[in-house]
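2 protein chains.
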Amino acid sequence: MTDQLFYLDHAAATPVDERVLAAMTPYFSQQFYNPSSPYAPAVQVRRDYENAKSRLAATFGAKGDDIVITAGATESINLALGSTDRHVVTSAIEHDAVLAAAKRHNHTLVAPTEKGIVRPEAVAAAITPDTGLVSVQLANNEIGTIQPIRDIATVVELERKRRLDAGNHDPIVFHCDASQGFGQIDVNVARLGVDMLTLNSGKMYGPKQVGLLWARPGVRLNPIIVGGGQERGLRSGTENVAGVIGFARAAELAHEHQKSESARLQELRGYMQAEFMNAFDQLVMSGHPKKHLPGSLHVSIPGLDAERIVFALEARGVLLATGSACAANKGTRSHVLTAIGMPDDVADGSLRITLGRLSDKATVEQATVIIVEEITRELQRTGRA
Amino acid sequence: MTDQLFYLDHAAATPVDERVLAAMTPYFSQQFYNPSSPYAPAVQVRRDYENAKSRLAATFGAKGDDIVITAGATESINLALGSTDRHVVTSAIEHDAVLAAAKRHNHTLVAPTEKGIVRPEAVAAAITPDTGLVSVQLANNEIGTIQPIRDIATVVELERKRRLDAGNHDPIVFHCDASQGFGQIDVNVARLGVDMLTLNSGKMYGPKQVGLLWARPGVRLNPIIVGGGQERGLRSGTENVAGVIGFARAAELAHEHQKSESARLQELRGYMQAEFMNAFDQLVMSGHPKKHLPGSLHVSIPGLDAERIVFALEARGVLLATGSACAANKGTRSHVLTAIGMPDDVADGSLRITLGRLSDKATVEQATVIIVEEITRELQRTGRA
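The listed protein sequences derive, respectively, from chains X and D.
Here my numbering runs 9 ahead of the position in the first sequence, where the first position is 1.
Here my numbering runs 9 ahead of the position in the second sequence, where the first position is 1.
Read the hints as simulated data drawn from the structure, not as lab findings.
Be careful, since some hints might not be right.
Some but not every residue of chain D turned toward chain X, in silico, with C-beta under 7 Å [what the hints assert, rightly or not]: (1) TYR42; (2) GLY236; (3) ASN249; (4) MET286; (5) GLN375.
Footprint (simulated), chain X over chain D, 3 or more residues, beta carbon under 8 Å [said to hold, decoys possible]: (6) 17-26; (7) 67-75; (8) 81-89.
Every residue, glycine too, gets a C-beta built ideally from N, C-alpha and C.
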């Protein structure tokens, strides 16, 4: 293995930013007090914690009092979907957490288009009189497609009005898993028009196993984890003070630099895409040509053994994934690629490249050369070049 | 407020040990990879994570494969009690997490003795043919009483045999919340005879919001949080690598020094107790005179306003609690003190002192002088001295 690493898998995990770690560190061994304790140093920790929640919420246009801190996005998603016991509408390309939580309900999976878009019309068609919740991700973790959240919110809003006009008070709420994309695209609950939002610290250069669920006032949550009554009784357990301080700092940094980072990643991605298209006639680009995360690039070469490529690249220091980390773990074909109708031989030849803060012009150029070389070598080896 | 702090509230929170923080730190910004990713550096993170789980489990005589990492003890307790949908037997002096989780079941609360002991006979009497789970804490977080876990395990084991002899295969399992006491007393699943055990990193000088549930093979758990299938499908979400590395190191250190730390704390506690008894004729010692955590001291003076004392002590740098942190937060009287039959005027005059690694001879002596002075001043002020 080479010394230099080219990390192209920011959708799987992000390193904790050094400024985030610096913000967290005092809360491990110095400001370690239980925020529920009565004495002044603990009260100060409580204030710091609540202040961090407020700053965190402000980054997406919300109030600290309306967020519930969870242990990562998966718990947040479980809490969101657990807010109803009625029918759930979601898409076939959601993260495993949404799909698994939806399975606990009577549910309908909306098929995306070939470009990976969840059409508002398709969501509207899936809503039944019993639907209590709609959940659609902001951006796909595999193919990077950005969903028309605002338009889907309008669909849910119309259904809500239709019910109220008919004297029906059965709620219908719209949850959005925004785990991917924060820091790359605009995330604001008012502009998105959602009722609930999931965010994940571990995907935005904050610590892992810290997440949140925002719910607008009026949405009733059912606590999953009960006990001491922390987080307004919605999620018990002594607070992860250091983690939340870190999450808040991470969100602030991501929010503050979103526009410039977005432009920077878009340019790096554009360069890579052009180089790949130049090198391989048979290249398949997946996802939507425009509505995609700036840093996400999903490419396939039919018949290529992507797993072999991942290991060949790893030997040269280039770290990337085939499909999502979750799917990779189970050795099954990605449900996302299946859902967009990708043939198996294309899916098996897919690489997911997700750029981020560890990507700069020089390393992306070097990594691109290495990827082109390794794919070319493999195509030659198998007589397909 | 004075510069020097005397922290006497280790049952509420413990500072992360500097060796623990040192072990964790590389996993934030360097070894940050998703353990589910396929490339070598991520595979190494997976190995480090699994290795940490094994080392952690070894500290209480278990195997890494039989533990589920959770976000703290509260989630662990919810997972344990969620393993059955049948009747639950627990005690009236459990932590709020156990009591809240028990409320989701048909349940019976066993009353403790005046010394705070949960008698095995009382547990036996509360078990019904429908009982699926018994949960009793290892040591009480307020009065420090150590429960006869081994004997209660025998009660459960007898009930299990009785059922099997009658051809009844309805399971009955014994869960023990050992959040308090690890590092002060012996904690070993075989010697305790339990089927499930909860531990909390945040109470043993590890990071907060990291805990575990151990369940012996054969005990079937129902996942609360579903998704990517991490932790053998029992608890989804990208792993808290840094947190678990820290938890393992914390448990190793606590386990390694348990005997000497226990003796050290016992001596400090004995000194404090003697000084208080010497100073105040009316002193009430709560909990069991022998079966208590070495570092826990619960004292009351009838009619004293303990809240006033806590604030007066805080001004002089002495940090301790009235009742538990959870109860303190809600401004209600401690359910533990009520359950042991303590009159209200004694309960309201109660101080909980929990010694730990921040306690040494010099600081305990100084803190003792300050506490005696402040209580004396308050008794004089109210004409009770």
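Hint-by-hint comparison with the structure:
1. Restraint check, TYR42 (chain D) versus chain X: the minimum CB separation of about 6 Å is within 7 Å; hint holds.
2. Given the 7 Å rule on beta carbons, the hint for GLY236 (chain D) holds: about 3 Å separates it from the nearest Cβ of chain X.
3. For ASN249 (chain D), the suggested interface contact is upheld, since its CB lies about 4 Å from the closest CB of chain X, less than 7 Å.
4. Given hint, MET286 (chain D) at the interface with chain X, is violated; its Cβ is 25 Å from that chain's nearest Cβ, farther than 7 Å.
5. Annotation: GLN375 (chain D) was flagged as interfacial toward chain X, and the flag is violated, the nearest CB pair being 17 Å apart, outside 7 Å.
6. Only residues whose beta carbon comes within less than 8 Å of a beta carbon in chain X count, and the stretch 17-26 of chain D has 7; three or more means the coverage holds.
7. Under a criterion of three residues with beta carbons nearer than 8 Å to beta carbons of chain X, the stated coverage of the stretch 67-75 of chain D fails, only 0 such residues being counted.
8. For the stretch 81-89 of chain D, the stated coverage by chain X holds: 6 residues have a C-beta nearer than 8 Å to a C-beta of that chain, and at least 3 were required.
Comparing the model with each earlier hint shows violations of hints 4, 5, 7; every other hint is respected.
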